[in-house]
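If you read the sequences in order, they're chains S and U. Going letter by letter, the first sequence gives residues 1 to 299 in the numbering used here. Going letter by letter, the second sequence gives residues 1 to 445 in the numbering used here.
By construction, these hints were calculated from the structure, which means they are not laboratory data. Among the hints, a few may not be true.
Said to hold, decoys possible - Here are the computed lysine-lysine pairs in the DSSO-like style, where the Cα-Cα straight-line distance is at most 30 Å:
hint : chain 1 : residue 1 : chain 2 : residue 2
1    : S       : K120      : U       : K2
2    : S       : K120      : U       : K358
3    : S       : K154      : U       : K327
Said to hold, decoys possible - Computed beta-carbon distance windows for the label pairs:
hint : chain 1 : residue 1 : chain 2 : residue 2 : range
4    : U       : R437      : S       : K67       : 26 to 36 Å
5    : S       : N246      : U       : S395      : 22 to 32 Å
6    : U       : S66       : S       : D245      : 26 to 36 Å
7    : S       : N49       : U       : K50       : 51 to 61 Å
8    : U       : E393      : S       : D245      : 34 to 44 Å
9    : U       : K402      : S       : C259      : 47 to 57 Å
Since we're looking at a predicted model, the values are computed, not measured. The beta carbon of each residue, even a glycine, is placed where N, CA and C say it ideally should be.
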Amino acid sequence: MDGIILYSVISLGAVAAISAMVLFFIAKKFNVVEDPRIDVVAELLPGANCGGCGYPGCRGMAEAFVKGADAGSIAGLGCPPGGSATSEKIGKVLGMEVAAGEPMVAVLRCGGTHEKAPKKTEFDGPSKCSISHAVYTGEKGCPNGCLGLGDCVKICAFGAMYMDDKTGLPVIIEAKCVSCGACVKACPRKIIELRPLGRKNRRVWVNCRSLEKGAVAMKVCKAACIACGKCVKECPEKVQAITLDNFLAYIDPKKCIACGKCIAVCPTKAISATFEMPAPKPKPVEDGTAEVKKEEVKQ
Amino acid sequence: MKLKTFKIGGVHPPENKMAANSPIEALSLPKRVSIPMNQHIGAPANPVVKKGDDVKVGTLIGKGESFISANIHSSVSGKVFAVETVMDTTGYKVKAVIIDVEGDVWEDSIIHSGALIKDIKLESAEIVERIKSCGIVGLGGACFPTHVKYMVPEGKKLDTLVINAVECEPYLTADHRIMLERTEEIMVGIEIMKKALKINRAIVGIEANKPDAIAKMEKVAANFPGTEIQPLKVQYPQGAEKQLIKSVVNREVPSGKLPLDVGCVVNNVGTALAIYEAVQKNKPLIERVVTVTGKKLSKPANYLVRIGTPVDMLVEAVGGIPEGTEKIVNGGPMMGKAVSTTEVSVTKGTSGIIFFDKSEARRKRIANCIRCGKCVSVCAMGLEPYLMEKLVEKSRWEEIEKLAVTDCIECGSCSYTCPSSRPLLDLIRLGKANVNRIRWERSKK
Numbered sequence: 001m002d003g004i005i006l007y008s009v010i011s012l013g014a015v016a017a018i019s020a021m022v023l024f025f026i027a028k029k030f031n032v033v034e035d036p037r038i039d040v041v042a043e044l045l046p047g048a049n050c051g052g053c054g055y056p057g058c059r060g061m062a063e064a065f066v067k068g069a070d071a072g073s074i075a076g077l078g079c080p081p082g083g084s085a086t087s088e089k090i091g092k093v094l095g096m097e098v099a100a101g102e103p104m105v106a107v108l109r110c111g112g113t114h115e116k117a118p119k120k121t122e123f124d125g126p127s128k129c130s131i132s133h134a135v136y137t138g139e140k141g142c143p144n145g146c147l148g149l150g151d152c153v154k155i156c157a158f159g160a161m162y163m164d165d166k167t168g169l170p171v172i173i174e175a176k177c178v179s180c181g182a183c184v185k186a187c188p189r190k191i192i193e194l195r196p197l198g199r200k201n202r203r204v205w206v207n208c209r210s211l212e213k214g215a216v217a218m219k220v221c222k223a224a225c226i227a228c229g230k231c232v233k234e235c236p237e238k239v240q241a242i243t244l245d246n247f248l249a250y251i252d253p254k255k256c257i258a259c260g261k262c263i264a265v266c267p268t269k270a271i272s273a274t275f276e277m278p279a280p281k282p283k284p285v286e287d288g289t290a291e292v293k294k295e296e297v298k299q
Numbered sequence: 001m002k003l004k005t006f007k008i009g010g011v012h013p014p015e016n017k018m019a020a021n022s023p024i025e026a027l028s029l030p031k032r033v034s035i036p037m038n039q040h041i042g043a044p045a046n047p048v049v050k051k052g053d054d055v056k057v058g059t060l061i062g063k064g065e066s067f068i069s070a071n072i073h074s075s076v077s078g079k080v081f082a083v084e085t086v087m088d089t090t091g092y093k094v095k096a097v098i099i100d101v102e103g104d105v106w107e108d109s110i111i112h113s114g115a116l117i118k119d120i121k122l123e124s125a126e127i128v129e130r131i132k133s134c135g136i137v138g139l140g141g142a143c144f145p146t147h148v149k150y151m152v153p154e155g156k157k158l159d160t161l162v163i164n165a166v167e168c169e170p171y172l173t174a175d176h177r178i179m180l181e182r183t184e185e186i187m188v189g190i191e192i193m194k195k196a197l198k199i200n201r202a203i204v205g206i207e208a209n210k211p212d213a214i215a216k217m218e219k220v221a222a223n224f225p226g227t228e229i230q231p232l233k234v235q236y237p238q239g240a241e242k243q244l245i246k247s248v249v250n251r252e253v254p255s256g257k258l259p260l261d262v263g264c265v266v267n268n269v270g271t272a273l274a275i276y277e278a279v280q281k282n283k284p285l286i287e288r289v290v291t292v293t294g295k296k297l298s299k300p301a302n303y304l305v306r307i308g309t310p311v312d313m314l315v316e317a318v319g320g321i322p323e324g325t326e327k328i329v330n331g332g333p334m335m336g337k338a339v340s341t342t343e344v345s346v347t348k349g350t351s352g353i354i355f356f357d358k359s360e361a362r363r364k365r366i367a368n369c370i371r372c373g374k375c376v377s378v379c380a381m382g383l384e385p386y387l388m389e390k391l392v393e394k395s396r397w398e399e400i401e402k403l404a405v406t407d408c409i410e411c412g413s414c415s416y417t418c419p420s421s422r423p424l425l426d427l428i429r430l431g432k433a434n435v436n437r438i439r440w441e442r443s444k445k
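Turn these sequences into a full structure, and let the hints guide you.
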């Protein structure tokens, strides 16, 4: 009996010793030296793996940061959801200045609510915007408008969007939006845009993507931009943030000063803003007052 | 006798060919036509008329300038009202020429009579040139420019012309009627096609649910040596090019290859008629037969319609949209597309207008996949629809590319047969589009 125990201990011990040695050498031979900073940086990132930075997940971003730091430049890298706080922390670890991008937020550019753009047909296919878009113009009949099937809501990893059943349009919860841009990519109609948060959270944008002539656009949606050009004229001369292309006005967020003048003149109320405009003052009675005011602006 | 058919997959939906006994009627001229410039596969034609121009029936109004494109001719005489964008059946905008109809004056070069002309005066190259200038496209539904098929690259060996008279789509009867009413013209058309391809053998595949057409075609074909009629077992999608070749000549077209690679050219029977009219009478493709049908319709009919006629007129001709209609389909019930408005016009590819009531229009509630494998067994291309659907849902495009998603002919047999009513084809189409996009991006690099 003693012999059996002894032999088994010796033989198993020998197997263990040989295996340990083999494993030791393999581990040495194929050792991958990983920069410890990658782990540190990855730890600092939000860890949502949203892909907003353009890299495959947070670890991919961290690797890019460290690689960039070794190469001497991390310009162009940044974590949109993390914002400036994360950037500063990463900058400290890497000993470099991380350029914090301007804070952005996703903005919906369609005002085709059930009320303004009633449904004309019914889509019976799978509830996906991408499929509805490929099949036809959608239930409302607008070739550029929101399809209302919520591809953007489904893709949002931060719970920053929901579908408003009353309007049939998605709603972006600003406080939760981290501007990763997943919804922008998911929308087949390119309705959602990332726009700068703006000073004091003041933003003005054209709430429409219709590229149709005014009369045609109005047929399907009462809230469409009809390209009348009133907003372009109303925009202060020094600012000139509004351009008119393909029957659609666009407000350049870099130029816009969020004065809100264009909102009042839009006949279809197609310009939206994050702030309420004060009630318009009664029109001046005397002639020429308006002229004086314009001159003042010029000066 | 055992009838020929293709071996892999296939379904047999209820035929519902209600309009089979309605003779073709010529629809009265509309007041205004709107003729889209992209009625075919390939680049849209460029309009060559402008507002205020006078046109006759057969005047060239759109020129197809790229390799895969087709000419468009005026289907009416009158004045060009506008050249602008209009809605097509999907609701998206397409460029179109809108013409106000005045009288019915034909171009002088067109022989405008019903008399049969048997002698083929033109030579092979001239025939192809004529097919091109007359804007002939495949009338089976896909509208591929026909002249491209006839430009056979050097070194390719051709031996058989396969004529597609299968009409495997339920409801549609347009091809059935022309085979009964214009048999001789079709046969001469086939002779012209054989001459253009410099071959002697043509086989017409007809499904066995059209015995009268088979009998009539066989009788007339006896006078045309080299043209055989091949009755086929009723099975969908037999009218698809690759399936038809398998059925008729028992050859398999490999993945990514063309019928030319197995020595065949496939054309629709309607195209044969259009080629006859183009070559013998110099008549461009300006009209086609459209089946207007539906279960609730008191009088399903086949109309000879000028291209560009509003679908509204067809609806009026059959007595308005029947009560309880929930869906109007442009094309066959399996592959056709629902229209979002009847204000669209009839194009070269409009084979039918079908009215569906609630029971046919609605999709059933989607249930979970039960892995029964029915979609795999009915897929005529031997694909795995259930797997591709799942992968599309997860956006795994590279994997569905490996599963040969681009081989899918979009016949819809998988969706039709699925006991869980899963939207297989919708998702596979989405996958196809994405795979094509990825391939395009790759080719740019």
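Hints and how they fare:
1. S/K120 / U/K2: Judged against 30 Å, a Cα distance of about 50 Å means the pair is violated.
2. S/K120 / U/K358: It holds: about 17 Å lies between the C-alpha atoms, which stays within 30 Å.
3. S/K154 / U/K327: Answer holds: S/K154 to U/K327 is near 29 Å, not above 30 Å.
4. U/R437 / S/K67: 26 to 36 Å: holds (30 Å)
5. S/N246 / U/S395: 22 to 32 Å: Hint holds: Cβ distance 30 Å, inside 22 to 32 Å.
6. U/S66 / S/D245: 26 to 36 Å: Holds, since U/S66 and S/D245 (Cβ atoms, about 28 Å apart) stay within the stated range.
7. S/N49 / U/K50: 51 to 61 Å: holds (56 Å)
8. U/E393 / S/D245: 34 to 44 Å: About 36 Å separates the Cβ atoms of U/E393 and S/D245, which means 34 to 44 Å holds.
9. U/K402 / S/C259: 47 to 57 Å: Given a distance of about 56 Å, which is inside 47 to 57 Å, the answer is holds.
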